[in-house]
Structures are given as structure tokens and as C-alpha cells.
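**Student:** Here's the letter readout for the chains.
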Amino acid sequence: MDIFKSFEISASGLVAQRLRMNVISSNLANIDSTRTPQGGPYRRKDVVFAAAPASSSFHSLLGAELDGKLSMVKVLDVVEGNRPYRRIYDPGHPDASAGGYVLLPNINPMEEMVNLLSATRSYEANVTAINAAKSMARSALNIGKV
Amino acid sequence: MKGIDIFDPAMKLLGRALDFRALRHNVISSNIANIDTPRYRGFDVVLKGELSGDGAEDRLVRTHQDHLGGGGMDGIRPQVVQSTSSRHRMDGNSVDVDMEMTKLAENAIQYEALAQSLAQKLSMLKYAIDEGGNR
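Residue numbers (the working numbering), protein chains in the order written: chain F, 1 to 146; chain G, 1 to 135.
Hints listed in this document are in silico derivations from the structure and should not be mistaken for laboratory results.
The beta-carbon is built from N, C-alpha and C at its ideal position, and this holds for glycine as well.
Wrong hints could be hidden among the right ones.
In the EDC-like style, the derived pairs of lysine to aspartate or glutamate whose C-alpha atoms are separated by at most 16 Å in a straight line are [to be verified]:
| # | chain 1 | residue 1 | chain 2 | residue 2 |
| --- | --- | --- | --- | --- |
| 1 | F | K74 | F | E8 |
| 2 | F | K134 | G | E112 |
| 3 | F | K134 | G | D44 |
| 4 | F | K145 | G | E112 |
| 5 | F | K69 | G | D44 |
Label-pair ranges, simulated between beta-carbon atoms [what the hints assert, rightly or not]:
| # | chain 1 | residue 1 | chain 2 | residue 2 | range |
| --- | --- | --- | --- | --- | --- |
| 6 | F | L19 | G | M90 | 32 to 38 Å |
| 7 | F | N22 | G | I109 | 16 to 22 Å |
| 8 | F | G144 | G | E106 | 22 to 28 Å |
| 9 | F | V127 | G | R87 | 23 to 29 Å |
| 10 | F | G144 | G | I109 | 31 to 37 Å |
| 11 | F | G144 | G | E131 | 17 to 23 Å |
| 12 | G | A10 | F | D46 | 50 to 56 Å |
| 13 | G | R87 | F | R121 | 14 to 20 Å |
| 14 | G | H64 | F | S26 | 49 to 55 Å |
| 15 | G | T102 | F | Y89 | 49 to 55 Å |
| 16 | G | Q120 | F | L117 | 42 to 48 Å |
One chain only, chain F, in its complex shape:
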């Protein structure tokens, strides 16, 4: 049984959660951005996670179908939401419309912070899984030591 498969699986979790953290940071940093390269105010971004099979083709050759149920996590996409923008009245703003209204990103800092906490905890859970796998692999190495 391949203990190193679990490193791959947990590492995919780490990568996914870190990407999620980066997207959250991007949202928080751009909470007041009224311009983007695509034109228009910044739109809140979110990640889409999917479970991807973790079995390599080698394993399927061996007919080890037990491994077919293992899943890594893959970030399919970073998508922009379609929440309507916030409209506030600020005629002095450089990007104010003729009526004096400015469109701002509709990003709720509380929501982003909660997501950030959740991403941190998930990251830590994956780190614990990797540490457990490491210590298991090390004690397996000690079996043959005489």
C-alpha cells in the first residue's frame, strides 16, 4: 500500500487552500477598487473546488481498485461572482457617473474573514495529515532495522 499517495493527496489540499487564501486576500485588498484592466469596478472572486481521482494509471494496471475511491482536490476555476455592485453617492469621486453615483465592489469584509479562517483551519488539518503520514512512514522504516 502506497503511503506516499497520501502525501500527494494532502499536498493537493494545501495547494487548494492556499489558492483560496490568495483569492480572499485579493478580494480584501480590492474592496474599494473602481477600476480593473477589464474596465469597471473589481468583482468579487471565488474558487471552485472539485474532487479529482487520485489513482495513477500504474495502480489501475495492477487492478488495485481500492485506490479508485481516493480523491485529491483540484481548483477548477477562479470565477467572478455576479453580485450587483454597491452604489454610493459621491460626486467628488474621480469615477463618479454624471449623476454623482460611484459603483464599488460588493465585498463584505466579515464574509471574507470567515472564509479566511475556514481556509486556515483546513490548511492546518492537511498539515496534520501530512505529519501523521510522515511519522507512519518513519516508523515503517524502523521495522527492518535490527
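Position chain G relative to chain F; hints supplied.
**Tutor:** Positioned in the frame of chain F, the structure of chain G alone reads:
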């Protein structure tokens, strides 16, 4: 006399138990990695099958070609089953992080206990071999 087998059935049993624990670790890691994946339902590993008698050598019925001989544990094989829990979050994910972390810790300790057992057996074997030479 029947073939001398220095690896007694208990050692093979320990090996298979280690395989089971390693597979279980992979499954639990998979659950933890997918903690935030929508519509993901967790998996676990159970041992299915029945004990087939007292393991006398002439009654080794192998139910699967991958099974090792020895012991009455041949009919037992690990199986990955999906959680049937109906409790899930709004995004359809049913992984309970507390349960998974607990299972992870317990499984790791069991694995290390089995590895230690196997190491003890081998060192006893080595002791027997060494002392025999010193006689």
C-alpha cells in the same frame, strides 16, 4: 517435513494489518483534502468477510488472488465504503472534520503499534539467529 517458514502467520497478519492501516490513512487524507469540496461525501475503510476457521494449513481458502496465505484471516479484505451520513453542509459536503482528525490520530497510533510489533518480531528472530551462532 513441511517447508520451514521463518515468517510465521502472525507476521503476515501484521503485514496485512499494516496495509489496511495505510489504506485507511490515505482515505482519511482524501477526506481531509476535500473538506471544502461541494457535494463531496467522505469514505472510510472497513474489513469485510468472515474468519474461515482456525487457519490450519490445509484449509487455506484464498478468496482473492492478491491475498497471502496463512492464518484464518484470508476471507477478510479491506473495502472502501462511502459515508451514508445524511448530515451535510449547505454545499452538500458531508465530511466532519473533527471525526476525521480523530480517526487520523487513532489510525496513526495503530499503525505505529503494528510497525513496532513487527519490528519486535524481527528482532527476536535476529536474536535467535545470533545466539544460535554463539553456542
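**Student:** Checked against the structure, which of the hints given earlier come out wrong?
**Tutor:** 3, 6, 7, 10
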